[in-house]
Amino acid sequence: MTPVPGAPATEIRKTTCYMCACRCGIRVHLRDGEVRYIDGNPDHPLNRGVICAKGSSGIMKQYSPARLTRPLRRKEGSARGDGEYEPISWDEALSMLEERLRAIRATDPKRFALFTGRDQMQALTGLFARQFGTPNYAAHGGFCSVNMAAGMIYTIGGSFWEFGGPDLERSRLFVMIGTAEDHHSNPLKIEIAKFKRAGGRFVSINPVRTGYSAIADEWVPIRPGTDGALLLALIHEIIATGLYDRDFLVRYSNAGQLVHGDDAGEASGLFAVDASSPEGDAMYPQNKLWWDRLTDRAVPTHAPDADPYLLGEFTLPGGKRVKPAFQLLEERVRPYAPEWAAAITGIPAATIRRLAHEMGITARDQKIELPIAWTDSWGVEHSTVTGNPVSFHAMRGLAAHSNGFHTIRALAILMSLLGTIDRPGGFRHRAPFPRAIPPAAKPPKGPEAVKPDTPLGALALGWPAAPEDLSVDGDGKPLRLDKGFSWEYPLSVHGLMHNVITNAWRGDPYPIDTLLFFMANMAWNSSMNTVEVRRMLNDRDEQGRYRIPFVVVSDTFQSEMAGFADLILPDTTYLERHDVMSMLDRPISEFDGPVDSVRMPVLPPKGECRPFQEVLIELAGRLGLPAFVRPDGARKYRDYPDFIVNYETEPGSGIGFLAGWRGKGGEKFMHGEPNPRQWEMYAANNCVYHHALPPSYCYMRNWNQGYLEWTQRVRMRRHSQPILIQLYSEVLQKFRLAAQGRRPGRTPPEHLKDRIATYFDPLPFYYAPLEAQATDSERFPLAAITQRPMAMYHSWDSQNAWLRQIHAHNHLYVNPATARAQGIADGAWMWVESPWGKVRCMARYSEAVEPGTVWTWNAVGKAAGAWRLDANANESHRGFLLNHLITDELPWRGTRISNSDPVTGQAGWYDVHVRIRPAAAGEPAESWPQFAAVPPLPGTAEALPALQSYVAGTRKGKA
Amino acid sequence: MNPAFSVIFLTTLTGAGQGLFLALFAATLAAPGRVPAGFAVAASAVSVVLLVLGLIASFFHLGRPERAWRSAARWRTSWLSREVIALPAFTAAVFVYGAAKWQGFEPAAAWIGAAASVLCVALFVCTGMIYACIRFLQEWATPLTVVNYVLLGSASGTMLAAALAAYLVPDLAPGYADAATVITLAALATRALSLVRNARLRPKSTTQTAIGIKHPSIRQISPGFTGSSFNTREFFHHRTREFLRAIKWIFLVLAFPLPLVLLWTGSILAIPAAIAFAFAVQYVGLLAERWFFFAQANHPQNLYYALTG
Amino acid sequence: MTQLALVIDLNVCVGCQACVTSCKEWNTSGQAGGLADLNPYGADPTGTFFNRVQTFEVGEFPNTQTVHFPKSCLHCEDPPCVPVCPTGASYKRAEDGIVLVDYDKCIGCKYCSWACPYGVREVENERKVMTKCTLCVDRIYDESLPPSDRRPACVMACPTSARLFGDIHDPESEVSRAIRDHAGYALMPEWGTHPSNHYLPRRRTDAHHHDDQLVRADNPLHIEGRQPKPPFKDPALDDVTSW
Ligand SMILES: Nc1nc2c(c(=O)[nH]1)N[C@H]1C(S)=C(S)[C@@H](COP(=O)(O)OP(=O)(O)OC[C@H]3O[C@@H](n4cnc5c(=O)[nH]c(N)nc54)[C@H](O)[C@@H]3O)O[C@H]1N2
Ligand SMILES: Nc1nc2c(c(=O)[nH]1)N[C@H]1C(S)=C(S)[C@@H](COP(=O)(O)OP(=O)(O)OC[C@H]3O[C@@H](n4cnc5c(=O)[nH]c(N)nc54)[C@H](O)[C@@H]3O)O[C@H]1N2
Ligand code: SF4
Ligand code: SF4
Ligand code: SF4
Ligand code: SF4
Ligand code: SF4
Ligand SMILES: [Mo]
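Chains as they are written, first to last, in our numbering: chain G, 1 to 959; chain S, 960 to 1268; chain V, 1269 to 1511.
None of these hints come from the bench; they were simulated from the model. Incorrect hints may appear among the rest.
Between beta-carbon pairs, the in silico distance windows are [claimed, not checked]:
hint	chain 1	residue 1	chain 2	residue 2	range
1	G	A350	S	A1265	33 to 39 Å
2	G	N685	V	D1410	23 to 29 Å
3	S	R1192	V	Q1481	33 to 39 Å
4	V	D1410	S	P1024	31 to 37 Å
5	G	K194	V	Q1481	25 to 31 Å
6	V	E1440	G	G827	46 to 52 Å
Each computed EDC-like pair below joins lysine to aspartate or glutamate, with the alpha-carbon atoms no more than 20 Å apart [stated by the list, open to error]:
hint	chain 1	residue 1	chain 2	residue 2
7	G	K14	V	D1417
8	G	K838	G	E709
9	G	K367	V	E1411
10	V	K1373	S	E1025
Backbone N, C-alpha and C define an ideal beta-carbon position, used for all residues, glycine too.
The whole structure should be built from the sequences, with the hints applied where relevant.
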């Protein structure tokens, strides 16, 4: 058979998908200039030819009627949210922005805030903010999964997410916790399937059984927000039965390191050091002590022939009492017996015990020995690499709770006890991880960092190691609009985007001028308490001036947020632009080495759309931001591709956005001079640069001398010191000491002292999420959560004609027993109320949800008229948004505090408790709340088709 | 199944047309000489009109009516194809029969009539078999489907013949009234039988066999889309059980006792309009009967779309 | 004789719907297309798809299984949809057993869909002819594609490789082996349609440990002098023997 007779032949262009953050390689097949189809690139290391439901629907994204095609200015006199706009030229738009930003930069740069949603170009947006001189920059990470990043990076120097993952090829037992889809979705699916086929055992811990959990061999339903209790009980059981990997802990973690008792003044709870041995890098001192079992005295850690006690209490020669970190851990988990956890989690104690035994026994008795020689950081040569084939994966089910940081620390510790860190069959890092604990970059330290017309000295985001690294002034007041790196959320390493609108509206900590959102739907699904946020965006002071003076939005579609902008910058689609998945930001590395990739335009931009990258570079040039102009003030980079090729982090550093084909002729990698033909070389190589490392550099990388020295040579890291697993976190203890007034230097403001002292516990502990603590569980007995549908990406697929047929509206899934007790019938309309809001929605009975939980698919519900859907589309009339029930702030000691993790500022999306009741007989069969329909924005499609039959390369079906 | 009005009209109209012809031809056999040519011509004409209306209705069922001619191709395997041949053939035969009667081509007319009768029976069987041959539509997969179809069509045709006779050849009316009564009662009997049978049916297919999982408790939680699809539109009537039950009683009343009462009232009191009304009522009853016939048939495919049902 | 078919492994299908939209995408611009969508941006959007992934729940909490169940035409060996077709538009190819519709012949009478127990045929919304899975007949023989691409779009897309494609009459094919080794089964066997597509059931891996694995000589607690021991005061043989 041949393709459609008479149809022109197709042409194939390779690029990188961006229907989600997974970043699969795709082949775009074009016929007569239109997309014939898109399939996975079989030569791409990430997805190896497969593609997902979203990626396969790229055509409908590309030709969506919701595309914005012209820069738009809000009409004089119309209110934000009304959707009244007039088209303007790019030149007008840019001049308007330039003028405004120039004035802000010359006076108080922090009055400009740039926040970006689900983007993948934080290296560029971050650089722009830094060069502009504003600390008010962050991406979605803070409301996404910063607990996952921080909890694990502060413990093992790497994390899940795109930084590392389970080695399912060699694993025998795989435990997945609180994951529905995740960023690495295609690779994860490929691996889970292979793992199952190879007879591996898959356990899923989740209140809900969908997607991945559906094919688990065992489903362990858990009450939301209680995983910390489960994990601590598992640790308890594993320590009590001696199922931990002692050898691994001794050498590769701080388990044996001696910690001062309470009698050591400002060193209390800190590691005892040996002043006489070399410290190494002062940021990461290496001169800790062990108590040697053989000689029964303190010795420097990793002293040859020494073997430390992990348990016990000892007295240092000076008389100070010390205990190994492991002993402190053991004491911590002693009360956390399975029976204790059973009452909290709803999981029978016997199950917890069985799981602990299964993990420990599998790790110990099914060891893998690979004949790979390597040398550890202390010079010991090993002829094999050992693996304990138990692996874990966890995501927002742990992260998106306000106790997530400690829960995730507990998970990282459990993984470490089992000896599974960067070992075959366990957890494996992806470059540039592992990083030092914590990584070296630090946020601006105080108001002096922000000066008119001056770039910040460093990036706006970083990794505090001690109170000195916080972004606060002398009184402890936050420097950042979102209060990131303040005493409220000291380790908010990704910022707190979810606080931005509320804080800007309230002028707390200070009012701002211009708020620029890129790729973030803050007026809808990316805000908690959405109704209020929409009000704040539109709120004016007594003089009738907007409380948030100027809002700029870059979007590709008519999202809910677009309607609240004063200025809309129409972006391109992923098929129309250059992009990089950079080592400076979020590369797509594999276990066996660094990988970065690019996106190449395969279609011309629609209408007047312009890539936001180009807009930033143009603006940076106009504003004369130093990194973007020559000494004479002339614009340095022609356009974004030129910038990517020629930008170096510092003049001559040889480090740029892309790691592949550097050097004059493309002969270097990781660092090297700019290569003018770099884009071509990526294009000729599937848009990917994959640097596969020799097997001896692929494991044990926290302590792998060869690997660490290699990272130093290629400038991935500054030094090559080993990265010891932090079972006991000294960083946290330093904050606690400051709160206890036992440490010189910065101390928290009075009202935050006990908060810091409580939550900056150097060992993980369990507490109920803050929202649960603040809510009357008698009145609001059910936990309400959302999860990702595999066939939809947040809000942005509802413009997609094919995907929206799969999820045009959502139900609230309720266990039949729970629903019947309230008299709610399957499919019936019902009310869901939290202390903070209510929604009306449809019920769907499900036996696959824990009876104390109700859930729905995330972001399916829409505001009427948004996404260029008909005003009566199902999304707005039958669908609903759970966000209306979630509060962004909790009452706290007479004031409010963000509904976020007190350590990291992670948004507590899954921290909401509700009650349910049937809708009354006479009520409309429609979701609530409803919003007035927004008119189509100028530049979107004129009319919507009643019938659309897409056939590429014909005139049919073109929007 | 979701009843399609095109098919409901097709089957009831052609059924009546066929019944009418059979009644006419039977009368010419049973009472030769007592059937005036004029009556034969008129009855044939009415029959042809009904058959043509049925044919027209059938076009509304087709997505591509302009290609309808293609449907004669597979008469070896397809009852539908056979029907498509038999229906025009029979219509033509009735037309020729009427013409022959009109022209007074006598022995020829009788032979044509005989041939048309054979075609008529064939058409009945074809139409009935279209439904009866789908073996997993258990409500339909029974000889009763054909028998019912033949009897119902014959009843309504005979009823129509009675009405026509009442107006045109009152002499013939009582005989037709008797026949219509007998056939209607027979149809009631067999239709009732099929109702009883269907009420007792155990579906052979279950969700368990549909998805191949042997567990007593299986529920669909998503059919794979939130709106509708061809499969939810074509095979579900989206009506309540109560509505179905109501339709059943309506057809049981309208198709059987009520027309008989009207028929006998009309016959005894010699009111042709009452007999015509009896036919009309019965026809409406048969529309309801057809609707019910479709709606009651529970397609096994529905197991895959249980959530929309 | 060849009988091409899909074998769908329910053991690994996560219900991602990749096979659904990749099928739509391939086919709408292919020989089977276009596949129109009604009200694509309005209320109750509904389009023609050849493949749907449904979800079932089996059992009651907490012993619930969630089963994702992809379904397209099963290319029956004895397809009841074929003989009923009055035009011959529906046919089964002798050479590879694929059941197809000739869109130029089809009159859209829907009779074949009545005759299919599986609910996999859909009248296309615009052209009003019957459509269904073609097993990507316009890919799998297309010599302009590299051999590795001559597979159905849904099979290429499926991230879990839950969709196997091949000749079930060739006992050595991947699909035949999968059916044999993993108890592949057919849907609604009671109708004798002999579907060519098969499904592989869930397979559960359990863990078995022995109590003695909990306590071993190399228990690290022993090294610390903390190996669990019965308390000193517990009764022992010492207390009751006297030799
Ligand atoms: N298709 C698709 N893919 C996506 C996205 C998308 O929108 N669509 N979004 C992307 C983004 S931004 C992100 S952050 C990732 C997120 O990826 P995931 O973390 O996989 O996403 P969620 O859907 O938030 O999954 C949360 C899971 O945790 C469970 N859960 C909730 N609370 C608890 C709890 O207390 N304990 C346990 N054990 N489980 C719990 C929920 O039932 C759900 O299964 O996905 C990315 N990938
Ligand atoms: N209830 C609840 N709420 C949640 C979550 C949850 O689990 N539950 N998850 C949270 C998480 S983890 C995240 S990451 C956020 C995600 O929240 P967001 O980052 O806000 O993601 P989207 O809703 O997809 O909105 C992104 C915007 O980007 C636009 N866009 C798409 N492509 C492009 C492009 O190429 N260029 C530009 N300029 N714009 C584009 C879209 O049109 C859309 O308006 O949601 C959060 N909200
Ligand atoms: S997983 Fe994400 S990046 Fe990969 S194909 Fe799907 S949408 Fe595209
Ligand atoms: S599954 Fe249905 S359409 Fe496909 S061959 Fe079998 S009977 Fe025919
Ligand atoms: S709809 Fe088309 S393929 Fe189906 S039976 Fe009718 S003519 Fe044949
Ligand atoms: S084989 Fe082709 S036509 Fe059939 S379901 Fe798969 S993609 Fe669709
Ligand atoms: S693509 Fe594969 S895993 Fe996804 S729904 Fe289809 S068969 Fe299942
Ligand atoms: Mo996220």
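Cross-check of the supplied hints:
no. : hint                          : result
1   : A350/G / A1265/S: 33 to 39 Å  : holds, 36 Å
2   : N685/G / D1410/V: 23 to 29 Å  : holds, 26 Å
3   : R1192/S / Q1481/V: 33 to 39 Å : violated, 59 Å
4   : D1410/V / P1024/S: 31 to 37 Å : holds, 34 Å
5   : K194/G / Q1481/V: 25 to 31 Å  : holds, 27 Å
6   : E1440/V / G827/G: 46 to 52 Å  : holds, 48 Å
7   : K14/G / D1417/V               : holds, 15 Å
8   : K838/G / E709/G               : violated, 56 Å
9   : K367/G / E1411/V              : violated, 48 Å
10  : K1373/V / E1025/S             : holds, 11 Å
Going down the numbered hints, you'll see the structure goes against 3, 8 and 9, while the others check out.
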